[in-house]
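Chains as they are written, first to last, in my numbering: chain A, 1 to 139; chain B, 1 to 139; chain C, 1 to 139.
Keep in mind the hints are simulated off the structure, nothing from the lab. Heads up, some of the hints might be wrong.
Treat identical chains as interchangeable: a pair holds within one or across any two.
[Unchecked claim] Straight-line Cα separation of at most 20 Å, SDA-like style, residue types lysine to any residue; simulated pairs:
hint, residue 1, residue 2
1, 129, 115
2, 129, 113
3, 129, 114
4, 129, 21
5, 129, 20
6, 129, 13
7, 129, 23
8, 129, 7
9, 129, 65
10, 129, 78
11, 129, 10
12, 129, 11
13, 129, 81
14, 129, 85
15, 129, 16
Computed from a predicted structure; not experimentally measured.
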Amino acid sequence: MGSHYRNWMVDLGAEFGPEDITGRVAELVADSGIRTGSVTVGLAGSTGAVTTIEYEPGALQDLRRAVDGVVPANDDYAHNARWGDGNGFSHVRSALLKTSLSIPVIEGRLYLGTWQQVVVINFDNRPRKREVGAVVVGD
Amino acid sequence: MGSHYRNWMVDLGAEFGPEDITGRVAELVADSGIRTGSVTVGLAGSTGAVTTIEYEPGALQDLRRAVDGVVPANDDYAHNARWGDGNGFSHVRSALLKTSLSIPVIEGRLYLGTWQQVVVINFDNRPRKREVGAVVVGD
Amino acid sequence: MGSHYRNWMVDLGAEFGPEDITGRVAELVADSGIRTGSVTVGLAGSTGAVTTIEYEPGALQDLRRAVDGVVPANDDYAHNARWGDGNGFSHVRSALLKTSLSIPVIEGRLYLGTWQQVVVINFDNRPRKREVGAVVVGD
Numbered sequence: 001m002g003s004h005y006r007n008w009m010v011d012l013g014a015e016f017g018p019e020d021i022t023g024r025v026a027e028l029v030a031d032s033g034i035r036t037g038s039v040t041v042g043l044a045g046s047t048g049a050v051t052t053i054e055y056e057p058g059a060l061q062d063l064r065r066a067v068d069g070v071v072p073a074n075d076d077y078a079h080n081a082r083w084g085d086g087n088g089f090s091h092v093r094s095a096l097l098k099t100s101l102s103i104p105v106i107e108g109r110l111y112l113g114t115w116q117q118v119v120v121i122n123f124d125n126r127p128r129k130r131e132v133g134a135v136v137v138g139d
Numbered sequence: 001m002g003s004h005y006r007n008w009m010v011d012l013g014a015e016f017g018p019e020d021i022t023g024r025v026a027e028l029v030a031d032s033g034i035r036t037g038s039v040t041v042g043l044a045g046s047t048g049a050v051t052t053i054e055y056e057p058g059a060l061q062d063l064r065r066a067v068d069g070v071v072p073a074n075d076d077y078a079h080n081a082r083w084g085d086g087n088g089f090s091h092v093r094s095a096l097l098k099t100s101l102s103i104p105v106i107e108g109r110l111y112l113g114t115w116q117q118v119v120v121i122n123f124d125n126r127p128r129k130r131e132v133g134a135v136v137v138g139d
Numbered sequence: 001m002g003s004h005y006r007n008w009m010v011d012l013g014a015e016f017g018p019e020d021i022t023g024r025v026a027e028l029v030a031d032s033g034i035r036t037g038s039v040t041v042g043l044a045g046s047t048g049a050v051t052t053i054e055y056e057p058g059a060l061q062d063l064r065r066a067v068d069g070v071v072p073a074n075d076d077y078a079h080n081a082r083w084g085d086g087n088g089f090s091h092v093r094s095a096l097l098k099t100s101l102s103i104p105v106i107e108g109r110l111y112l113g114t115w116q117q118v119v120v121i122n123f124d125n126r127p128r129k130r131e132v133g134a135v136v137v138g139d
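One chain only, chain A, in its complex shape (with noise of 0.2 Å):
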């Protein structure tokens, strides 16, 4: 039984910036030798997100287009009243997406498909520097 983690900074771009972090996740779990266990991911801050994806440029796109069509970022917040710093709609996706998740490990392996990515996603309204870490738990 151990527990073992990795953190990184990860560049990301604006309003919907996202990054394939699955090797980095997978490689976490080969190196910890656990066989039976759960990874969880988490992105240090309120404007990201962590979420799977196939990777590729299309369905990223149609995720896009959903998140601004639920929480467009050209719109009126009450953050933004309050704070003035126009990343209201970040906050938003953010909490509905959620910042972090936990993925089973089973044989050794990140139970995901095969066409299935973990992402890490900026949301905020500049480019930013993220903090993502993982902890894998399980013997």
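Position chains B and C against the provided structure of chain A, taking the given hints into account.
Okay, now just chains B and C, sitting in the frame of chain A:
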């Protein structure tokens, strides 16, 4: 301290094909003997989801309608234009709802309400046999 | 290696009743002595949610408006037609946002940003006293 897993093949319908897996997850937890921990449930694949809901036809129909409203099946998707497989909406729905979740295990039981079930959903545009796995970690 | 839990009864308002529980979760982590692991937070019930957000009135108001837009309280729901309890919208909101999340614990601390709080929300159509639990696992 220990970790235990089970996985299953689950037959699910097209577009919004749900199944209640609470019994399977609860059985894993009970058989593990773990009293304090967490269980992580994941569907392997980029066109499904795992969430909790009161598993009755009305609430499922309402959830389906909300999902259809945000990400309609009958719309144009960039993923479809590239890959021609017609399931662009499925990928977006999956990325928004996510394919996994974790639930606390307290006093040997899944920490859920009486009317709260763990449900896997297939959003693909055809029925799918999906791999679903769960891992409980704790002691 | 170990696992530790706490649970609480939390009084929450109707329709969109939030409370910041970051302090409670951070205290559990600190008292556990766990340096590397993950903490899973869950609300027991099918009409609430757990997420993270900058806990200030503006961002909460913006999140509420987005949730209302996708799943309006004043609409017809099949759940209501069957059960007559009027909280069909609450179930859908809960299934979309989910009632639990996990956060990495790295170097003994919750892996969150400075302006990122853990929040429980009640979506039910009446104020509710909700059971909320958290388990930290690691070493």
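Hints, verified against the model:
In the homo-oligomer, the alpha carbons of residue 129 and residue 115 lie at most 20 Å apart only across protomers (16 Å), although the nearest pairing inside one protomer, at 26 Å, exceeds that limit. For a Cα distance limit of 20 Å, the shortest separation of residue 129 from residue 113 across copies, 13 Å, qualifies, whereas the shortest one inside one copy, 28 Å, does not. For the homomeric pair residue 129 and residue 114, the shortest alpha-carbon distance between copies (15 Å) is at most 20 Å, but the shortest distance inside one copy (28 Å) is not. Proximity of residue 129 and residue 21 under a CA criterion of 20 Å is satisfied intra-copy only: 14 Å inside one chain copy versus 27 Å between copies.
In this assembly of identical chains, residue 129 and residue 20 lie within 20 Å of each other by CA distance solely inside one copy; the values are 15 Å within and 26 Å between copies. Taking the shortest alpha-carbon separations for residue 129 and residue 13, only the intra-copy value of 9 Å comes in at or below 20 Å, while the best inter-copy value is 37 Å. With identical chains, the CA atoms of residue 129 and residue 23 are at most 20 Å apart within one copy only, with a shortest distance of 19 Å there and 26 Å across copies. Proximity of residue 129 to residue 7 under the C-alpha cut-off of 20 Å is restricted to the intra-copy arrangement: shortest distance 13 Å within a copy versus 35 Å between copies.
For the identical chains of this complex, residue 129 and residue 65 are neighbours neither inside a copy (23 Å) nor across copies (29 Å), given an alpha-carbon limit of 20 Å. In this assembly of identical chains, residue 129 and residue 78 lie within 20 Å of each other by CA distance neither inside one copy nor across copies; the values are 26 Å within and 28 Å between. For a Cα distance limit of 20 Å, the shortest separation of residue 129 from residue 10 inside one copy, 5 Å, qualifies, whereas the shortest one across copies, 36 Å, does not. When the C-alpha separation of residue 129 and residue 11 is checked against a cutoff of 20 Å, the pair qualifies only within one copy, where the shortest distance is 4 Å, while the shortest distance between copies is 37 Å.
Taking the shortest alpha-carbon separations for residue 129 and residue 81, neither the intra-copy value of 25 Å nor the inter-copy value of 32 Å comes in at or below 20 Å. Proximity of residue 129 to residue 85 under the C-alpha cut-off of 20 Å is restricted to the intra-copy arrangement: shortest distance 17 Å within a copy versus 35 Å between copies. In this assembly of identical chains, residue 129 and residue 16 lie within 20 Å of each other by CA distance solely inside one copy; the values are 13 Å within and 32 Å between copies.
Violation of the numbered hints given earlier is confined to hints 9, 10 and 13; the remaining hints are satisfied by the structure.
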